[in-house]
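Engineer: The primary structure of each chain is shown beneath.
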Amino acid sequence: MLAQLTPAQQFDAIAISVNGPKAWSLDLAFDVRFTDNAGDANYRLTLRNGVLVYIGRPADDTAAASIGLTKMRMLQLLGGDTESPGLDITGDASALRTLMGVLDAGDPDFNIVSPDDSSKPKRTPDQVRLTRMAVSTSRTIRHLYVVRA
Amino acid sequence: MKRPQPAHRLALQFGPASQHIVDANASVAKKYPFDDRKDFDDADRGFLGALEPGVVRAAGGRVVWDNDSYAFLSGDAPSTVNPSLWRQSTLVAKQGLYEVVEGIYQVRGMDLSNITFIEGDTGVIVTDPLICTETAAAALGLYRHHRGDRPVVAVIYTHSHVDHFGGVFGVATHAEVDAGTIQIIAPEGLVEHAVAGNVYVGTLMSRRASYMYGAALERGPQGAVGAGLGQTTSPGEIGLIVPTLEITTTGEKHTIDGIEIEFQMAPGTEAPIEMHFYFPDYRALCMAENATHTLHNRLTLRGAIVRDPHVWSGYLTEAIETFGDRTDVAFASHHWPTWRSHRVIELLSTQRDLYGYLHDQTLRLLNQGCTGAEIAELITLPPALESAWNTHGYYGSGSHNVKAIYQRYRGWFDGNPARLWPHPPAELSRRYVEAIGGMDRIVELAQVAHDDADFRWAATLLDHAVFTDEKHSGARELYADTLEQLAYGSENGTWRNFFFPVPRSCGRGPSVLPR
Chain E
1 MLAQLTPAQQ FDAIAISVNG PKAWSLDLAF DVRFTDNAGD ANYRLTLRNG VLVYIGRPAD
61 DTAAASIGLT KMRMLQLLGG DTESPGLDIT GDASALRTLM GVLDAGDPDF NIVSPDDSSK
121 PKRTPDQVRL TRMAVSTSRT IRHLYVVRA
Chain C
1 MKRPQPAHRL ALQFGPASQH IVDANASVAK KYPFDDRKDF DDADRGFLGA LEPGVVRAAG
61 GRVVWDNDSY AFLSGDAPST VNPSLWRQST LVAKQGLYEV VEGIYQVRGM DLSNITFIEG
121 DTGVIVTDPL ICTETAAAAL GLYRHHRGDR PVVAVIYTHS HVDHFGGVFG VATHAEVDAG
181 TIQIIAPEGL VEHAVAGNVY VGTLMSRRAS YMYGAALERG PQGAVGAGLG QTTSPGEIGL
241 IVPTLEITTT GEKHTIDGIE IEFQMAPGTE APIEMHFYFP DYRALCMAEN ATHTLHNRLT
301 LRGAIVRDPH VWSGYLTEAI ETFGDRTDVA FASHHWPTWR SHRVIELLST QRDLYGYLHD
361 QTLRLLNQGC TGAEIAELIT LPPALESAWN THGYYGSGSH NVKAIYQRYR GWFDGNPARL
421 WPHPPAELSR RYVEAIGGMD RIVELAQVAH DDADFRWAAT LLDHAVFTDE KHSGARELYA
481 DTLEQLAYGS ENGTWRNFFF PVPRSCGRGP SVLPR
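Same order as they appear, the protein sequences are chains E and C.
Mapping of the first sequence onto our numbering: residues 1 to 149, in sequence order.
Mapping of the second sequence onto our numbering: residues 1 to 515, in sequence order.
Hints are computed from structural coordinates only; laboratory data are not their basis.
What you are looking at is a predicted structure, and each value in this text was computed from that prediction instead of being measured.
One should not assume that every hint holds.
To be clear about the criterion: a stretch of chain E counts as covered by chain C if any three or more of its residues have a C-beta under 8 Å from a C-beta of chain C, and this derived list gives those stretches [said to hold, decoys possible]: (1) 17-23; (2) 48-61.
Part of the chain E face toward chain C, derived, beta carbon under 8 Å [as the list claims (entries may be wrong)]: (3) D104; (4) G106; (5) D107; (6) F110; (7) N111; (8) I112; (9) V113.
C-beta: ideal position from N, C-alpha, C; glycine also.
Please build the complete structure, drawing on both the sequences and the hints.
Structural biologist: Shown next as structure tokens:
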């Protein structure tokens, strides 16, 4: 399913995982372009006031970093992977890590019939993200395989 | 479309603010930048003259608009009004004809909404002719008094809400539209949505709107001070002339009476059918109702289909990209305009970030397992947004908007099985009252909560009490006083109005008392 996300939906997926209070003092701008057939248009992403905003616009030198990647690599990035090859970053690479550092994944086993138990050690966002990355990447790959088959 | 009229204003016996509310309101006065007067400068800019007296009557003499009834709004806030709402109301209650730029004029403070006049080669284009014939005609009269007797050549409805088309017969006739001397311009699909909204659920909407806008409430420091978006609604004659020109596409351009207009569609935002437009000749941008000086509603308290909380910010981004750099002034159909390109971009960006933030954070927390009611208490705005007056919840509120966003994505059910099939309100209340130990006991506990300034808990207990025995005078009295305290502390104009109209006893007072 993730493989079917349009660029706009991929950016939305990032936007709704931004931890507002952690991010609201940041002011970041990125140019993102997809290098495969998902479209070669440039998108300007900005993070300000804890809100990630995107718009199709030509790249310019006001972005902290310019990122070229394939759609598949974008999906890995959504899973939290900033280390694997396939990210063509010019400019300040730490800006991307800063962005990734303020993303919270969902909690796949949250409480429903009892209140949140504060004594239970809560998994850190990083732990949650790592779990989710493993899950979503494997699902994505499976899905891509199905789609291509 | 004609709506029922309240016989007269509700004159309820309101008590004073409790010490807790007095203190809370005093702390608001210290918390926000009340010395920032830019909004007052903008609201006064271009003033050409007011309607005097500021009263509009129907043919039979009945008053449909009385802006002078808000004359008490000046100086510092009394203890019974949240100072931030008092400030907003002071701005919103300004009435008169204002020049936006030479050639564009607005009448503000003559209804819930603004009416805008754009001068063309031979006549005038009217944008958003208020709620009713009477106020629209009075506004056109005031405009003509100052600008001469220009014929109306076109009417634009920005969107499908009644305060943007209902007074069309005050500025146009069917004969003129049929003869082609007046064009009616609207975004495609407006009539269908206007009719659906007002007819399908019109009874419920009118009933709840009477609470929300407080049109029938006595005005004053212990009564209605305004609805945040506009002061209140006008109970006059409502009409609709169907469009002769429907706008369908972003980028579409039309020249009307020599004036070029460039349109941006914004469906699914503040109304299902809505559009922004730009006048290159005047370097002026009309933002309809999507960038105003308040946090607006994702779900209005009168009831509506939940608005898409996501596309709204997207269309604001598009408006900034498309028009921002070439705009000298942006105006909307509520509140005052904003001048200079960088300030317009700042306003649109702030509103965009506000709506984006509420949406994104609600989804983030929803995926962490929080319910709407929980998220509503968890979300805090970024300091940079909170310091801007236009992000304050005078009309919408962070609380009810967050619940609306949850509702939009997940519905009313929060997943908890115990909340899947509880008893309906009266049945539930009877059982709660019994479990707690009877009416006198629940009122006693509510009194303790009230004394501790936990007015929300007191209101919950008393809701159960009144739903069990509405004639219990102690319950009724304390319920009214409890909701009054919530009203006095509320920054939101529509919350204040909702909290008010609970009569202290049954069978006393005017027959229009809310039930």
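Engineer: Would you mind marking each hint as holding or not holding in the structure?
Structural biologist: Comparing the hints with the structure gives:
1. 17-23: With 5 residues in contact (Cβ-Cβ under 8 Å with chain C), the coverage given for the stretch 17-23 of chain E holds.
2. 48-61: holds (count 8)
3. D104: Given a least distance of 6 Å, the restraint on D104 (chain E) holds.
4. G106: Status holds, d = 3 Å.
5. D107: Given a least distance of 5 Å, the restraint on D107 (chain E) holds.
6. F110: holds, 2 Å
7. N111: Holds, because the Cβ-Cβ distance from N111 (chain E) to chain C comes to roughly 6 Å (cut-off 8 Å).
8. I112: I112 (chain E) check passes; min Cβ-Cβ to chain C is 5 Å, inside 8 Å.
9. V113: Nearest chain C Cβ about 6 Å off; hint holds.
Going through the hint list in order, the structure satisfies each hint without exception.
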